[in-house]
Amino acid sequence: MTTIGSEADDTFDLPVKPRHRGRQGWMIAVVIVVGWSVTKDGIDPTELVNPGGWSQVRAFFSAMFNPDLSRDMLALTVRESAVTVGYALVGTALALLIGSFGGILLTERIWRPIHGPMRRGRVGWLIGRVAFAVPRSMHEVVFGLVLVNILGLNPLVAVLSIGIPFGAVTAKVFADLLDEAPTGPEEVLRASGAGRTTAVLFATVPHAFADLVSYAFYRFECSLRSAAVLGIVGAGGLGFQLALSFQSLRYDQMWTFLWALVLLSGIGDRWSSALRRRRNAVAVEMRSVSKIPALDHGEPSPVQSTQDRALRLSALICAIGVPISIWRLDLDFSSLWAPRARTLSNKIVAESWPPQVGIGGFKELFNDALDTVALAVLSIVIAAVLGSLLASLAKRPNVSLGNAKGPWVVSSFVRLLMLISRSVPPPVWAFVVVFVLFPGLWPGVVALGIYNAGILGRLQAEVIENHDHRPAETLAAMGATTPGALLYATVPALASRFVALSLYRWEVAIRETVIVGVVGAAGLGRRLDEQTSSFDYDGILATVLALLLVTILVDLVSASMRRNLR
Amino acid sequence: MTALKLLDVRSARLTAEQVLSFDDVTVRYSAGGVEAVAELTLTIDAGERVALIGPSGAGKSTILRLAAGLASPTSGSVKVFGVDSGQLGRRNHRPERSRIGIISQDYTLVGPLKVASNVASGRLGTWSGIRAVQTLFRPGPTDDIAGALRQVGIADKIWERTDRLSGGQQQRTAIARALFQKPDLLLADEPVSALDPARSDSVMSVLTEPIMFSSTKAVVTSMHDAPLALRHCDRIVGLRSGRIQFDLPASHVSSELLDELYQLDDSQ
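From first to last, the protein sequence lines are chains A and B. Take the first sequence: its position 528, counted from the start at 1, is 528 in the numbering used here, and no numbers get skipped. Residues are numbered in the numbering used here as their position in the second sequence, beginning at 1, plus a constant of 1000.
Note that these hints are calculated values from the structure, not bench results. One or more of the hints may lead you astray.
Residues from chain A shown here face chain B by an in silico Cβ test under 8 Å; the list is partial [to be verified]: (1) L14; (2) K17; (3) P18; (4) T474; (5) L475.
Calculated Cβ distances over 12 Å to all of chain A for the following chain B residues [what the hints assert, rightly or not]: (6) E1035; (7) H1224; (8) A1226; (9) L1228; (10) D1247; (11) L1258.
On the chain A side, residues computed to face chain B include the following (Cβ under 7 Å) [said to hold, decoys possible]: (12) P15; (13) R470; (14) P471; (15) A477; (16) M478; (17) A480; (18) G484; (19) Y488; (20) A493.
By construction, the Cβ of each residue, glycine as well, lies at the ideal position given by its N, Cα and C atoms.
Based on the sequences and whatever the hints tell you, model everything.
Written out as structure tokens, the structure is:
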């Protein structure tokens, strides 16, 4: 055969097979950290499980099928749902307001001269970035706990608690989207005499607009869940009613409110994912917050936003909904400047400085911080395993030749299961779990695990749905068995994205540990709960600072791991 | 010269097995929609090197997908190694599927895997489950994989992550996967579309020469480059709007025929 006669240049030695030390190192580290987390509270069932509580759990879940549907109850549910949706809407609006101004403030575009590197502007840019990083690393509930002490039981607490931290994330994501947009149009405008801000507004913002809007709807989806959790902390709405019914152990009433939440978040998820189908907002946030290229294959196809009627209609609905909600919720922004708020905030600032570590000293604080990390690690391990299982049942990867669809019933059932697990606020899961598990790390782990399994499962199902199934199909057509095609084509394509999503949720979970801490789970969250109920402000500041540090560390580790996945 | 070659091929074909046959096949992607393939009847025997040529939308890719069992006809029947292509997906027809090699237009490689693993996956059809798992972590036999990659000139990329390669390198990885598999029926959809002319020529030689006098193997490839098709294949099927315009030995294809085939139709 004369096939490679002309290929003399190819007769060199093969390159040496490289070793991925970085990735192997991370894998070992993950195993060690997970192992360590498990040993923190032990796994001896006799010490952890309270068998007497099963009847309560059974009672809770059987009430699922007969919620209280009396006329009064339904009227109350509708009223309180409106409150929760109102919080989410106005909170998102505030977040977008902060995010839009912040986003423009944080782009390099504003600080950079027309040509050459950023010099003097660098300081301003850096200060801005750090200033927005602090609120971003705090869970909404932390804001809620502090603000309720200044403003009292005011609906503004919920709106601000959603708006401030979400505004900070939005600002960061917006800024990065603007930084990614091509510079050409802006340079032309600036060269012809336009000011910096004007040039960004007219040349850069329109380019990134569709991504910005899609991300805004993803934030609304998150706000809806957040509004429910804030209600439990005392801000009102469905969450607050849930807490009241739980105190009187009226499970039937609880399920009326829970089903309302399931319905609301089902609509919210559907709405946001329909709009997101074109632009992956989660990928946008992952890319922005962790500085890694998007993990979804290929860039989303450019959308002509003028044609995007669904997007414009949705924006219109929200634009009408926000003023209505402000009016219905009776939001009074002037209470922010009221003398009462000023005295209280002065008092809090005075009492919280200097921060006090409190009883047990740094050792105890450090231990609580470790508990927090273990809590987040274990809950994400549970969520990742459970989530991928549910996701692959909800959306079967297509391997076989021809279109073999999974049974419709199974897929719908699993989807409902995931919707319920992410619609029921984590504190409610924690309350239920505490019936059978003694207080400590594990109830928090299980509660956050179930909740995040619902969220991760949905995101993973989206990944399965959007992934390119043609390689698997080709391998099958070339004789591979179904497991073979799965192993070679589907698993490698999905695995890195599943891991990336899990790491992204881990970053969120470390913030969420606070909300299960509130029911006495463990870690810095429990500490914070004890301190807020005793108005121990200098203690709160110390805990918040510790939480800030842990969050930033976890973000850095996760970002580095995700970079290693590429 | 050419006539002599043709004679040899014909005599080899006397004993050859019927590899692929289309019997009155029509494909519509949507009910009442345009026919991607219309009333196609075509038989391909072992030893044949067939090029499907024609303008975009002529139905070339659809024919290749039908042959691979990746698409099914709206009417008519497609048989591959005597098996109805609709049945190919079944477990008991795995041996037949293992004999089909595919180089698709969009490469269909697994991005996160190394080039070596992608090439190795060509033999998945003949491996046991255990062997498949082992090979995923330790691609092999390395010599064969490297050999296939050398034939297309990218042996130096063997341990690279596939999605980091350029388009042309990915296309060559897909070709190497098919070479490593050593299929009896190779279905190649525009296999050299991303390669430069010299590389295209050498890769086409690699793909077609082993088949010339084989009594078990055949290759069917779609090409937009008619001269390249004429150089490397001995049977040319001209397609237009899903119908066969001509089906001739390469030596009989004139430039007038090609002009007519590729003529722009202003009425559409």
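Against the structure, the hints come out as follows:
Interface hint at A/L14: satisfied, since its Cβ lies 5 Å from the closest Cβ of chain B, which is below the 8 Å cut-off. Given the 8 Å rule on beta carbons, the hint for A/K17 holds: about 5 Å separates it from the nearest Cβ of chain B. With a least beta-carbon distance of about 6 Å to chain B, the hint placing A/P18 at the interface is held under the 8 Å criterion. Annotation: interface hint on A/T474 holds; nearest CB of chain B at approximately 4 Å, less than 8 Å.
Below 8 Å, beta-carbon pairs count as interface contacts, and A/L475 has one with chain B at about 6 Å; its hint therefore holds. Consistency note on B/E1035: stated as away from chain A, and its beta-carbon is indeed over 12 Å from all of that chain's, at 21 Å minimum. No beta-carbon of chain A is positioned within 12 Å of the beta-carbon of B/H1224; the least distance is around 21 Å. For B/A1226, the requirement that its beta carbon stay farther than 12 Å from each beta carbon of chain A is met, with the minimum near 23 Å.
Once the 12 Å rule is applied to beta carbons, B/L1228 is consistent with being away from chain A; the minimum gap is 16 Å. For B/D1247, the non-interface assignment is confirmed: its Cβ lies about 25 Å from the closest Cβ of chain A, beyond the 12 Å cut-off. Remark: the non-interface label on B/L1258 is consistent with the geometry, its nearest Cβ contact in chain A lying 28 Å away (cut-off 12 Å). About 6 Å separates the beta-carbon of A/P15 from the nearest beta-carbon of chain B, less than 7 Å, and the hint is met.
With its C-beta approaching chain B no nearer than about 5 Å, A/R470 sits inside the 7 Å limit, and its interface hint holds. The interface hint given for A/P471 is met, as the beta carbon of that residue sits about 4 Å from the closest beta carbon of chain B, less than 7 Å. Because the closest C-beta pair between A/A477 and chain B is about 5 Å apart, less than 7 Å, the hint holds. At about 6 Å, the closest approach between the beta carbon of A/M478 and any beta carbon in chain B falls short of 7 Å, and the interface hint on this residue holds.
For the restraint placing A/A480 at the interface with chain B, the shortest Cβ-Cβ distance is roughly 4 Å, inside the 7 Å limit, so the hint holds. Hint status for A/G484: holds, given a least beta-carbon distance of 5 Å to chain B, under 7 Å. At about 5 Å, the closest approach between the beta carbon of A/Y488 and any beta carbon in chain B falls short of 7 Å, and the interface hint on this residue holds. Interface hint at A/A493: satisfied, since its Cβ lies 6 Å from the closest Cβ of chain B, which is below the 7 Å cut-off.
In summary, the structure agrees with every hint in the numbered list given earlier.
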